[in-house]
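Those protein sequences? They're chains A and B, same order as listed. Per numbering that gives the first Met the number 0, the first sequence starts with residue 0, numbered consecutively. Per numbering that gives the first Met the number 0, the second sequence starts with residue 0, numbered consecutively.
Treat the hints with care, as some may be off.
What the hints assert, rightly or not - Partner residues are not named here, just some residues of chain A that face chain B (Cβ under 7 Å, in silico): (1) Leu-101; (2) Leu-110; (3) Ser-113; (4) Leu-137; (5) Leu-138; (6) Gly-170; (7) Phe-232; (8) Ile-278; (9) Val-280.
Don't read these hints as lab results, they were simulated from the structure. Positions of the beta carbon are idealized from the N, C-alpha and C atoms, including for glycine.
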Amino acid sequence: MFLQELINGVVVGASYTLIALGFTLVYGLIRLINFAQISLYTLGAYLALYFTPIFAALIPVQGWLAFVLSIVVSGLLTGIAGVAVAGIAWWPIRRAPIISMLVSSLAILILIESLIEVLISPLPMVVKPPVSDRNFELLGSHISTLQIVMLAGGLLLTLLLYLFIRRSKFGRAIRAVASNPESASVLGVNINTTVFAVFGIAATLAGVSGVLVSNTYGVANFTMGEIVGLKGFTAAVLGGMGNIWGAVVGGFCLGILESMSTFLLPSQWTAVVAFAVLILVLAFRPTGILGTRLVDRA
Amino acid sequence: MHDRRSSPIIFLLKNRVFYLAVGTLVAILIPLLVQNSYVLDIADDMIIWAILTVGLNVVVGFAGLLDLGYIAFFAIGGYTFGILGSKLGMNMWEAIPIAAILVLVASVIIGIPTLRLKSDYLAIMTLGFGEIIYLSVNNLNSITGGPNGLYDMPSPSIFGLSLQQPSQYYWFLLILLAIAIVAIARLRSSHVGRAWLAVRQDELAARATGVNIVKYKLLAYMVGALWAGVVGVLFAAKQTIVSPTSFQFSQSFYVLSSVIIGGMGSIPGAIAGGFLFILISETLQGMAQNYSSIVFSVALLGVILLRPKGLIPASVGRRGAGLPSNGRTAGALTVRPALATENGVEAEVPTARAAPDERRSADRPARAGYGGGGALLEVHGVSVTFGGVRAVREVSLAVAPQEIVSVIGPNGAGKTTLLNIISGFVRPADGRVELSERDITRLRVDRRAQMGLARTFQTPRLLPTLSVVDNIIQGGHINFTTEAPEVAVGTGRQRREEHAAREEAIELLAMLGLSNVADTIPTQLSYGDQRRCEVARCLALHPKIILLDEPAAGMNAQETAALGDLLFRVRGLGVALLLIDHDMSLVRKVSDRVSAMDRGATVVTGDVETVLHHPEVVRSYLGT
Chain A
0 MFLQELINGV VVGASYTLIA LGFTLVYGLI RLINFAQISL YTLGAYLALY FTPIFAALIP
60 VQGWLAFVLS IVVSGLLTGI AGVAVAGIAW WPIRRAPIIS MLVSSLAILI LIESLIEVLI
120 SPLPMVVKPP VSDRNFELLG SHISTLQIVM LAGGLLLTLL LYLFIRRSKF GRAIRAVASN
180 PESASVLGVN INTTVFAVFG IAATLAGVSG VLVSNTYGVA NFTMGEIVGL KGFTAAVLGG
240 MGNIWGAVVG GFCLGILESM STFLLPSQWT AVVAFAVLIL VLAFRPTGIL GTRLVDRA
Chain B
0 MHDRRSSPII FLLKNRVFYL AVGTLVAILI PLLVQNSYVL DIADDMIIWA ILTVGLNVVV
60 GFAGLLDLGY IAFFAIGGYT FGILGSKLGM NMWEAIPIAA ILVLVASVII GIPTLRLKSD
120 YLAIMTLGFG EIIYLSVNNL NSITGGPNGL YDMPSPSIFG LSLQQPSQYY WFLLILLAIA
180 IVAIARLRSS HVGRAWLAVR QDELAARATG VNIVKYKLLA YMVGALWAGV VGVLFAAKQT
240 IVSPTSFQFS QSFYVLSSVI IGGMGSIPGA IAGGFLFILI SETLQGMAQN YSSIVFSVAL
300 LGVILLRPKG LIPASVGRRG AGLPSNGRTA GALTVRPALA TENGVEAEVP TARAAPDERR
360 SADRPARAGY GGGGALLEVH GVSVTFGGVR AVREVSLAVA PQEIVSVIGP NGAGKTTLLN
420 IISGFVRPAD GRVELSERDI TRLRVDRRAQ MGLARTFQTP RLLPTLSVVD NIIQGGHINF
480 TTEAPEVAVG TGRQRREEHA AREEAIELLA MLGLSNVADT IPTQLSYGDQ RRCEVARCLA
540 LHPKIILLDE PAAGMNAQET AALGDLLFRV RGLGVALLLI DHDMSLVRKV SDRVSAMDRG
600 ATVVTGDVET VLHHPEVVRS YLGT
C-alpha cells in the first residue's frame, strides 16, 4: 500500500514539477505569477485530444510513434500559444503595475477555458491513448506504462531544461536577465526576446504535462487546470519560487505528500492538502525548501 | 440671456451630486414604475452584485490587493444561513451576525500569513481559498447538501412583515447598498482611506509616515470579506436555495472583472461594473451556450490594455468631504504656538490661536519632557554590508533635542544608508540605534515613525493621486486615534479629528509658503516645492526629529537660502534635524554640528568650521 502510494505520488509529482517549472521560470524573470499557465496545461491536453487520432490514423501500426508525435506537436503549439500570451499579458503593459499583468493573465486563463468550453464541450472528454497500457508489477505494487511515460517525460523535460539553461547561449541570456535586466541589456542581451522565449518554454512544459496527465488518467475537461495549477504553484513555492531545482523538489514532495494523505482523507480532498501546505509554507518559510533564488543559481 | 439660461443646466450636467440624486431617485422608484417581477428579480441581483463589487473594490481598488477567491466569503455567508436556516430554523437576521463573524475570522486566517509577503502571493492564496470553499460545499454532503445544496430556509421578513415580494426585497437591498456605499466612502475619505492609498501607491512612503502596512492590508481584506458575507446571507434568503454553482471560481472572476471594468478604486465605477455584469449576463443567458465568460474575459483584457482606469475612473486629487479650502488658508493659525519660541519665528507666522491647537499640543506630553539632558537620537557603532561591500562601518552619531546635525561626505560614503538604518529601512549587522533612550534597532519603520521619527527621501515620495493638502494630512496618520468601525459610522469624534487634521495641514502649508498649491497634485509642483511638501508632511507627524536626505538638491542659491530659514523655523517648533547635503552653504548656515563620512566610516565630528577645515575632509571631499 505504502509503496503503491509512493509510486502514485512520484508520478503525479512529475506533472506538478512541469507546471511548477513554468511558474518559476516566468516568475524568476519578470516577477509575474502567470495564471494563463494554468489554461495552457488544459490547452495542451485538448490539442493532443485532436492530434492523437490524426497521427494514429496516419501511422496505424506505430502507436508509440503517433503518441510521441502528438505530444511533441501539442507541446510546440502550446508553446506558440504561450508566446502569444506574453504578447497580450506582458508586452503591451510591461511598464504597468504588476496587478495589471496579473489580471490580464487571469483574463487569458478564463478566455482559453471558456473557448474550450464553448467550442469543444462543457462536459468531460474521454482520452484514449494510442498505445496499449499495461500494468507492471513492482514489489507487490503496480505501475502502468503510461505512468512510466509520465514520469520519464517529466524527468526528461526537466533535464533538457536544465541543460538548455546551463549550457546554451540562450540559457545564459535567460540567467543574465533574471539576475539583472539592466546589465543584461547593456551586455547586448535582448530582454524582450528572452521573456517571450521563456513564456514559450513555460507553456510547452505545461502543455506536455497536460497531454501526459490526460492520457494517463483518461479524462480531460475545460477546468482541469485550475486545481492542478494551484498545486503546481504550491510546488514552486514549496521548493522556492524562482529556483529551478526548487520546482523539482517541490513538485515531487507535494505529489508524494498528497498520495500519502489518501491514507487519512478521501481523494477528492487532496487539493486541501496542497492548500494547507501552501499556507504553512507561506506562514513559516516563505522562501521554500531550497530558498527563493534567481534562475541563474539553479 | 442665452448664456445665463444654459449655464445652470451645464452646471447640473457637470455635477456629480446631480447624477447621484437622479440615480437614487430612479433606483427608489423602479418597483413602482415596473411591476414585472422578472425585471425586479434582475434588479435585486444587480444590487446584490453591486454590493459585492463595492466590497471587492475596497480590497482591489483601495488597497491594491488582488483577491481571486472573493466569492468564498459570499459562499460562507450563503451557507451560514443555509445551514442555520434549514437545520435550526434561524431567520436571516440571526444569521447575519454569525456570518459576519465567520467571514472575518476566515479573512484573518487567510490574510495574516499572506499579507506579510509580496502582494501577488495573496492572489494565489485567495484562489486556493476559493477552490477549497467550493470543494467543501460540494463534498460535505451531510452538512451542505452537496451538489444539490440547501433549501427550506425561513423566508425573509422584517418585524414580522414579509419581504417575499421582489419589490419589498428590492427596497431592503437598496438600503443595504446605500449603507455599504456610505460606510465605504467614509472610510475612503478618512485616514484609513489615505493609508490604503499610500500602501497601494508607495509602500516605503506609507511606512515612513507610520502606516502599519500589514494592518491596513488586512483591514481592507476584512472590510471586503464582511460585505460579501453579509450579502451572501441576503442572497441565500432571496434565492431560498444555496448550491455550489453560485460560488465557482468563475464567479470570483466575474466580481473582479466588474470592479476592474467599472474602474478600480472608484465607487461609482464599482456599482456601474456590477450593474453592467448582471445586465449583460442576463442578456446572454438566453443563448444556447455560455458566452458570458468569453465576453467578460475579452472585455477585461480590453479594459486592461486600452482603458486601464476603467469606465468611470477614480477621481484624482481632493477626496471626500473635507473643508472647502478656498480662501481658508489666508486665516492661517500658528502651528503649535507654545513651541515656536526660537529664532524670532513668531514674527513670520501669524499668531492667532485656536482651541484645536492647544488641544493638539497638550496631546503630546512627550515633547514636554525635552529641553535639556541627554541625546534624542543616538547611533552606536552601526555597520552594514551589501554583497561584500561594507557600506557603513561602525558609525556613531548623536543628535540632541532641537539640534541640527549635518552629515557630509562624497557620494557612496554611506550617508543615505546611515539614514536608512536610522529610519529602519535597512537593518544594521552590528550596532545600536536609540531614540529617546529606547533601543529601536529592531523596530519596524512604522513603529519608529510612531515614536516621532520622520524622514524625507532623496527623490520626493509624495502620493501622486492625492492633493498636496491631503498628502500632508496623510503624513499625520499616526495622530489619528479613531479605528475603522468608528470611521465607517462617522462619529463626531472622528469628524472633529479629521477636521482638526485638515486645519493643521492648511496651517503647515501656510507656514511653508505652499498655500497656493494646496489643491494641486504633487507631480505638478516644482522639485523644490515637492521637497518642502515632504517637510510639511514630516511636520504633520509631530516628530521629535526629521531626517532630511539632500533637501537642497536641485535648488538654486536663492531657494537654498530660503530652505535654511525654513529649517530654523522647523527647529523652532521643537524638532531636531539630521541632514545630509552636498551644499556647503546650507550646511554652514544651519548646522550645530557636522559629521563627515568617507567610505562608510566617520572621519570627524565636530562644529562646522572644525570639520570643514579638517585636512582629511578637505582632501577626500571638498578638494583643495
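Here is how each hint holds up against the structure:
With a least beta-carbon distance of about 5 Å to chain B, the hint placing Leu-101 of chain A at the interface is held under the 7 Å criterion. The restraint placing Leu-110 of chain A at the interface with chain B holds, with a minimum CB-CB distance near 4 Å, inside the 7 Å limit. Taking 7 Å as the C-beta cut-off, the interface hint given for Ser-113 of chain A holds, the closest approach to chain B being about 4 Å. A hinted interface residue such as Leu-137 of chain A counts as satisfied when its beta carbon comes closer than 7 Å to some beta carbon of chain B; here the least separation is about 32 Å, so the hint is violated.
Taking 7 Å as the C-beta contact cut-off toward chain B, the hint placing Leu-138 of chain A at the interface is violated, the least distance being around 33 Å. Taking 7 Å as the C-beta contact cut-off toward chain B, the hint placing Gly-170 of chain A at the interface is violated, the least distance being around 24 Å. A cut of 7 Å between beta carbons decides the hint on Phe-232 of chain A: the least distance to chain B is about 5 Å, and the hint holds. At its closest, the beta carbon of Ile-278 of chain A sits 6 Å from a beta carbon of chain B; the interface hint therefore holds under the 7 Å criterion.
The interface hint given for Val-280 of chain A is broken, as the beta carbon of that residue sits about 9 Å from the closest beta carbon of chain B, more than 7 Å.
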